[in-house]
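Chains A, B and C are the protein sequences, given in the same order.
Note that the working numbering numbers the first sequence so that position 58 is 58, with each residue one more than the last.
In the working numbering, each residue's number is its place in the second sequence (first place is 1) plus 286.
In the working numbering, each residue's number is its place in the third sequence (first place is 1) plus 557.
Errors might be hidden in some of the hints.
Stated by the list, open to error - Straight-line distance between alpha carbons at most 25 Å, and here's what the computed SDA-like set of lysine to any residue pairs gives:
(1) 245/A - 195/A
(2) 117/A - 462/B
(3) 117/A - 457/B
(4) 615/C - 460/B
(5) 800/C - 450/B
(6) 116/A - 428/B
(7) 17/A - 511/B
(8) 800/C - 693/C
(9) 615/C - 410/B
(10) 585/C - 384/B
(11) 117/A - 410/B
(12) 585/C - 313/B
(13) 615/C - 428/B
(14) 800/C - 415/B
(15) 116/A - 460/B
(16) 17/A - 44/A
(17) 751/C - 448/B
(18) 117/A - 450/B
(19) 116/A - 468/B
(20) 800/C - 811/C
(21) 511/B - 693/C
I should point out that these hints are in silico values taken from the structure, not numbers from a laboratory.
Predicted model, so just to flag it, every value in this text is computed and none were measured.
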Amino acid sequence: MASRVARGGFRLMLEVKHLGKTYGTGEKATHAVGDVSFSVEDGEFVCVVGPSGCGKTTLLKCIAGLLRPSNGGVLLRGKRVVRPPEEMALVFQEYGRSLMPWASVRNNVLLPLRHKKLPRSERKRLVEDSLDAVSLTRFIDHYPWQLSGGMQQRVAIARALAYQPTTLLMDEPFASVDAQTRGDLEDLILRVRNEYDITILFVTHDIDESVYLADRVVVLTHSPTEVKEIVPVELPRPRDQIATKELPEFAQLRAHVYRLIKREQSVGEPAETTEAAGVPHNGTPV
Amino acid sequence: MAPLATGRGGVSRRSYQALTIVAEIAVPVALLIAWQLWTVHAASPKFPRLSTILVDFRDMWLFSQFGTHVVPSLERIGAGFGIAVVAGIALGIPLGLSRWARLAAMPHIEYWRAVPPPALLPISIVLLHSIGNVQKIVFIAFFCLFPVLLNTIDGVRGIDPTFIDTARSYGLRRFERIRRVVFPAALPQIVAGMRNSLSLAVITMVLSEYFSSTSGVGYVLLISKNTFQFAPMWAAILLIGVLGYLLNVLFILAERRVLAWHRGWRAAASV
Amino acid sequence: MATRGDVAATLAAPERARWRRDRLSLRKLTEALVFTVSIAAALALWELISRTGVISQKDLPAMSTSFRELWSLVQTGDFWKAFGQTVRGWALGLGVATALAVPLGILLGSSDFAARAFRVPIEFLRPIPSAALIPLLFLTLGTTIKSEIFLAAFGAFWPLLVQTMYGVRDVDPLAMDTGRSFGVGRFERLYRIKLPSAVPYIATGLRISSTVSLILAFTAELFMGIPGLGQKVNYAQAFGLEKQLYAYALATGFLGVAIHLVSAAVERRALRWHPSQRVGAA
Numbered sequence: 001m002a003s004r005v006a007r008g009g010f011r012l013m014l015e016v017k018h019l020g021k022t023y024g025t026g027e028k029a030t031h032a033v034g035d036v037s038f039s040v041e042d043g044e045f046v047c048v049v050g051p052s053g054c055g056k057t058t059l060l061k062c063i064a065g066l067l068r069p070s071n072g073g074v075l076l077r078g079k080r081v082v083r084p085p086e087e088m089a090l091v092f093q094e095y096g097r098s099l100m101p102w103a104s105v106r107n108n109v110l111l112p113l114r115h116k117k118l119p120r121s122e123r124k125r126l127v128e129d130s131l132d133a134v135s136l137t138r139f140i141d142h143y144p145w146q147l148s149g150g151m152q153q154r155v156a157i158a159r160a161l162a163y164q165p166t167t168l169l170m171d172e173p174f175a176s177v178d179a180q181t182r183g184d185l186e187d188l189i190l191r192v193r194n195e196y197d198i199t200i201l202f203v204t205h206d207i208d209e210s211v212y213l214a215d216r217v218v219v220l221t222h223s224p225t226e227v228k229e230i231v232p233v234e235l236p237r238p239r240d241q242i243a244t245k246e247l248p249e250f251a252q253l254r255a256h257v258y259r260l261i262k263r264e265q266s267v268g269e270p271a272e273t274t275e276a277a278g279v280p281h282n283g284t285p286v
Numbered sequence: 287m288a289p290l291a292t293g294r295g296g297v298s299r300r301s302y303q304a305l306t307i308v309a310e311i312a313v314p315v316a317l318l319i320a321w322q323l324w325t326v327h328a329a330s331p332k333f334p335r336l337s338t339i340l341v342d343f344r345d346m347w348l349f350s351q352f353g354t355h356v357v358p359s360l361e362r363i364g365a366g367f368g369i370a371v372v373a374g375i376a377l378g379i380p381l382g383l384s385r386w387a388r389l390a391a392m393p394h395i396e397y398w399r400a401v402p403p404p405a406l407l408p409i410s411i412v413l414l415h416s417i418g419n420v421q422k423i424v425f426i427a428f429f430c431l432f433p434v435l436l437n438t439i440d441g442v443r444g445i446d447p448t449f450i451d452t453a454r455s456y457g458l459r460r461f462e463r464i465r466r467v468v469f470p471a472a473l474p475q476i477v478a479g480m481r482n483s484l485s486l487a488v489i490t491m492v493l494s495e496y497f498s499s500t501s502g503v504g505y506v507l508l509i510s511k512n513t514f515q516f517a518p519m520w521a522a523i524l525l526i527g528v529l530g531y532l533l534n535v536l537f538i539l540a541e542r543r544v545l546a547w548h549r550g551w552r553a554a555a556s557v
Numbered sequence: 558m559a560t561r562g563d564v565a566a567t568l569a570a571p572e573r574a575r576w577r578r579d580r581l582s583l584r585k586l587t588e589a590l591v592f593t594v595s596i597a598a599a600l601a602l603w604e605l606i607s608r609t610g611v612i613s614q615k616d617l618p619a620m621s622t623s624f625r626e627l628w629s630l631v632q633t634g635d636f637w638k639a640f641g642q643t644v645r646g647w648a649l650g651l652g653v654a655t656a657l658a659v660p661l662g663i664l665l666g667s668s669d670f671a672a673r674a675f676r677v678p679i680e681f682l683r684p685i686p687s688a689a690l691i692p693l694l695f696l697t698l699g700t701t702i703k704s705e706i707f708l709a710a711f712g713a714f715w716p717l718l719v720q721t722m723y724g725v726r727d728v729d730p731l732a733m734d735t736g737r738s739f740g741v742g743r744f745e746r747l748y749r750i751k752l753p754s755a756v757p758y759i760a761t762g763l764r765i766s767s768t769v770s771l772i773l774a775f776t777a778e779l780f781m782g783i784p785g786l787g788q789k790v791n792y793a794q795a796f797g798l799e800k801q802l803y804a805y806a807l808a809t810g811f812l813g814v815a816i817h818l819v820s821a822a823v824e825r826r827a828l829r830w831h832p833s834q835r836v837g838a839a
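Please put together the full structure from these sequences, using the hints given.
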């Protein structure tokens, strides 16, 4: 993994500038994303939370280069993102529809390396190393559907790691996994971040998770989505599932984010109706 | 198929299973015996005894005429089916991926898949000026194309977009995506089409040989009818049935291996 | 949404509605255009290949010639007689097959034991190409419409039987258990739960079988000289009447397409009504 300095010394890894995505035209237009701007520094762990239906997945897909935004754009180390960049990897929520069922775990992790011109031994090493990082070496020749949900998501993470990205985008990756496993996976991703020195943009609807993991939490509004507030999280690292969550600062941050989202949820209605504008909301800063 | 909850009226599981196995063997055997008895009783030249048919079957197919007739028929099925599968997949994948190409091709596909194959038998002979192997293979391949083609298109269209997104996000170019994601994902559907195509291949083979040929199982069928040799005629019918059955069994065995992942995946997903 | 700022189109509401409507009809128009152009191009190609002699006009009469011949045939009573005979053979063959396959399929599908007991004979008889029975029919039922109906029915029987069996067996076990727990009797369960959920499968079976029935009815006519379109095709080929050959082939093609479109439409309606999760076959 290239060190931060060797990566060209850019402080800003990712810049999202006035990103907007609209589907359809005229009356039936859906503003999946309104006007979102924020930036992510090299090596940062940034979480994105928002009320349900606020277009978090669409936002992430635009940043990942899978969708073309209707307005604004994304810069990755100063260069505009128009297609999925080489140094960005994306982990989906639905691992069952992202991990290829016809391929073994080994071949799944190999997928991102297919088009990179690497010698076979190097590819083998990358696959084995990343599976080792997620503690799944034993299952290298299994099929993904033979594994539990948490394990499958670990395979997806290993696949992303084998790609050697500088930036990891994660779309509610632990939402489809049971609560206990989720804690393990959260710690795994923190460990991975340190070991591989990558920047992570993590979308979630779980507020506790966002505060636990992040350096900063970006809170979104309901549709049409904008950035409501960016909350810095200055909890000590390394984080611990028990110790960190016992800190009073954790509870305060968590409550703050929770309040922000609750306000958004009570105001929020599906984009088409204009009645929502009439609902009183207690003067939240926009 | 969903397992049935049958009201077995108190019969224990083990004896039920044993009874079923007995029935699976007994029923076919009983039918064969009935056939033999009936033909003995009927004593008609048109319906020779089963025993006579079986003797002729062995004489004809297991020795002398295997090379002269069975092999050419199998070659034609093989070549026709093979060409149909390759062409069906090669055309079906781009058509499945491109809406415009599909729109342009659809009127033609919908027309030709509905034309009854025998309607084009005489035309195929006229156009190709022959009744040889090429004419037969072209005829077989043409009609066997459509089940594979249609299923490939459906299979490609039905792929979960998340798979494609994943491949794109990892920088796979179009050809690699098709090779590593589109094709395997559509394969279960393609194989279903191939199975239909195979049985169609047997039918079109028999039709084309029966209509005009100088060799093959269908030809033997025709000749024995024309010369009023009933037992060989029945033996030919029997052979065609056996061929169809064996090809089907082989196909299912191959399918089990190739699509083992699909069964496992479906089973895991349904939990 | 005034409080949030509008990122959408800057058009006023009535203009927006009109724009949306225009885009939808524009899309439908282009689709119809592509459809028509595609067919026209193919027909033009046919005309070109034949007229320029790439394939001689003797072997491949020009498109215009073939259609003209078809048009003149269509105006003769003789044509419609043959057409009607083929349709009759098809319909009777399909009817007989349905009358036998559906009840038998329900019976075998309902009883696990019966299904397994008869599995081997069915799996063996199923792949037999009905065409192989033609010589047998020659020598027994002769070159009458009875042979045509028998052949068509024999071929159409198997797909319908198998599909009906699948349909009856694929009943949601939860629905059946619910019925049983409410004390619904066996016959009524069959009638109210199993049959309705089997309908889409039977519809698919009918689509497949109607195609098979046409193929075999035509085959009987072609090979055995039974009156109908197949006989006309055979006659035209035997006497070197290429124009007629192509005209009748076209007519048969159109009949096949018509039957397919109707049975596919029926199948779609049956499928729409049912929450199906089946694997489709061609």
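- Holds or violated: residue 585/C to residue 384/B, with C-alpha atoms at most 25 Å apart: holds, 17 Å
- Would you mind confirming whether the straight-line C-alpha gap from residue 116/A to residue 468/B stays at or under 25 Å? holds, 20 Å
- Task: Take the C-alpha atoms of residue 245/A and residue 195/A, compute the straight-line distance between them, and say whether it is at most 25 Å.
- Result: Roughly 23 Å separates the two Cα atoms, so the pair holds.
- Would the pair residue 585/C and residue 313/B pass a check requiring their Cα atoms to be no farther apart than 25 Å? Violated. Residue 585/C to residue 313/B sits at ~57 Å, over the 25 Å cutoff.
- Message: Need the status of pair residue 615/C, residue 428/B: alpha-carbon distance at most 25 Å?
- Response: holds, 22 Å
- Satisfaction of hint between residue 415/B and residue 800/C, Cα-Cα up to 25 Å: Cα-Cα ~17 Å, so holds.
- Has the given pair, residue 17/A with residue 44/A, been kept, meaning a C-alpha gap of at most 25 Å? holds, 18 Å
- Message: residue 615/C and residue 410/B were given as a pair; does the straight-line alpha-carbon distance stay at or below 25 Å?
- Response: holds, 14 Å
- Distance restraint between residue 800/C and residue 450/B, which requires alpha-carbon spacing of 25 Å or less: violated, 50 Å
- Message: Please verify whether residue 117/A and residue 450/B have alpha carbons no more than 25 Å apart.
- Response: Holds: residue 117/A and residue 450/B sit about 22 Å apart, inside 25 Å.
- Mind checking the alpha carbons of residue 751/C and residue 448/B for me, to see if they're no more than 25 Å apart? Answer violated: residue 751/C to residue 448/B is near 36 Å, above 25 Å.
- Message: Against the 25 Å threshold, does the CA-CA distance of residue 116/A and residue 428/B hold or violate the hint?
- Response: Since the Cα atoms of residue 116/A and residue 428/B sit roughly 40 Å apart, the hinted pair is violated (cutoff 25 Å).
Going down the numbered hints, you'll see the structure goes against 4, 5, 6, 7, 8, 11, 12, 17, while the others check out.
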